[in-house]
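**Student:** Now for the letters of each chain:
There are 2 protein chains.
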Amino acid sequence: MNDAFARTPQPPYYAVIFASQRNGEDDAGYAQAADHMVELASQQPGFLGVESTRGADGFGITVSYWESEEAIAAWRQHAEHAATRAYGRAHWYQHYELRVAKVERAYGKPANSKQTST
Amino acid sequence: MNDAFARTPQPPYYAVIFASQRNGEDDAGYAQAADHMVELASQQPGFLGVESTRGADGFGITVSYWESEEAIAAWRQHAEHAATRAYGRAHWYQHYELRVAKVERAYGKPANSKQTST
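Protein chains in written order, with UniProt numbering: chain A, 1 to 118; chain B, 1 to 118.
Derived by calculation from the structure, the hints in this document are not laboratory data. No residue lacks a Cβ here, since even glycine has one placed at the ideal position from N, Cα and C. Worth double-checking, as some hints may not be accurate.
[As the list claims (entries may be wrong)] So, partial list: chain B residues that the calculated Cβ filter (under 8 Å) puts toward chain A:
| hint | residue |
| --- | --- |
| 1 | Gln21 |
| 2 | Leu48 |
| 3 | Gly55 |
| 4 | Arg89 |
| 5 | His95 |
| 6 | Leu98 |
| 7 | Arg99 |
| 8 | Lys102 |
| 9 | Arg105 |
| 10 | Tyr107 |
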């Protein structure tokens with residue numbers, strides 16, 4: 001098991017795909033806020049999980065998973081999230097792209113699993 | 001402009017979200033194959049773009065974007081892709097999760113854009 005993976009239910013559910021290029025400023029403030037936003041998101045109704053990574057070049061992808069469009073809309077309107085989002089857009093990102101998508105199919109291979117037998 | 005971002009059209013279109021934990025083996029072989037797969041994918045009908053990153057912990061997210069489910073199915077069946085995928089599942093990943101999703105909404109902020117005027 002690896003905590004970097006979201007343990008989502010069977011589809012359908014929703015994904016918010018957030019790709020961003022950090023501008024290299026305020027690493028400490030950004031890291032603290034990012035951690036806090038994940039913690040806060042995980043307490044919201046309809047939150048299913050999150051997967052996030054960022055390379056040494058500052059390009060990152062965060063995918064959060066939600067039960068419904070309504071859950072995404074409620075999180076979007078959450079006051080502290082909205083304030084942090086507005087601050088982040090002005091101070092932390094050179095560029096970002098956000099996409100909302102409906103997950104229709106999913107499969108994977110956990111660590112140490114085997115799909116063949118001998 | 002930043003080449004790490006996919007320049008996708010207006011939704012709807014499809015996203016293949018691939019989250020993976022590298023096992024730390026064969027970095028050179030993996031990097032070469034990953035680059036080649038992106039190059040090959042970009043030549044397929046219906047390919048719209050790809051965004052990919054991996055952190056120092058070996059956890060990565062790659063999102064490829066496609067015009068249709070049919071384009072995803074054709075790429076899935078591409079012989080060289082299928083062979084590399086099978087090899088990779090056996091040799092490069094400790095764990096992976098793949099999700100296919102329909103992008104319904106999208107927006108972003110490119111570098112140097114302003115949404116307010118003075």
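**Student:** Would the hint on Tyr107(B) be counted as holding, given a Cβ-Cβ threshold of 8 Å to chain A?
**Tutor:** Result: holds, 6 Å to nearest chain A Cβ.
**Student:** Was the hint right that Arg89(B) lines chain A, CB cutoff 8 Å?
**Tutor:** Interface hint status for Arg89(B): holds (6 Å vs cutoff 8 Å).
**Student:** Can Arg105(B) be said to touch chain A, with a Cβ gap under 8 Å?
**Tutor:** 4 Å, holds
**Student:** Was the hint right that Leu48(B) lines chain A, CB cutoff 8 Å?
**Tutor:** 11 Å, violated
**Student:** Does the nearest C-beta of chain A fall within a distance shorter than 8 Å of the C-beta of Arg99(B)?
**Tutor:** It holds, given that the least Cβ distance between Arg99(B) and chain A is near 4 Å, below 8 Å.
**Student:** Using Cβ atoms only, decide whether Gln21(B) comes closer than 8 Å to chain A, and label the hint accordingly.
**Tutor:** Since the shortest Cβ distance to chain A is 5 Å, the answer is holds.
**Student:** Let me know if the C-beta of Lys102(B) comes in closer than 8 Å to any C-beta of chain A, holds or violated.
**Tutor:** 5 Å, holds
**Student:** Using 8 Å as the Cβ threshold, decide whether His95(B) counts as touching chain A.
**Tutor:** 5 Å, holds
**Student:** Go through the hint on Gly55(B) and say holds or violated, using the shortest Cβ distance to chain A against 8 Å.
**Tutor:** 4 Å, holds
**Student:** Does Leu98(B) pass the interface check with chain A, least Cβ-Cβ distance below 8 Å?
**Tutor:** It holds, given that the least Cβ distance between Leu98(B) and chain A is near 6 Å, below 8 Å.
The structure fails hint 2 only (numbered hints given earlier).
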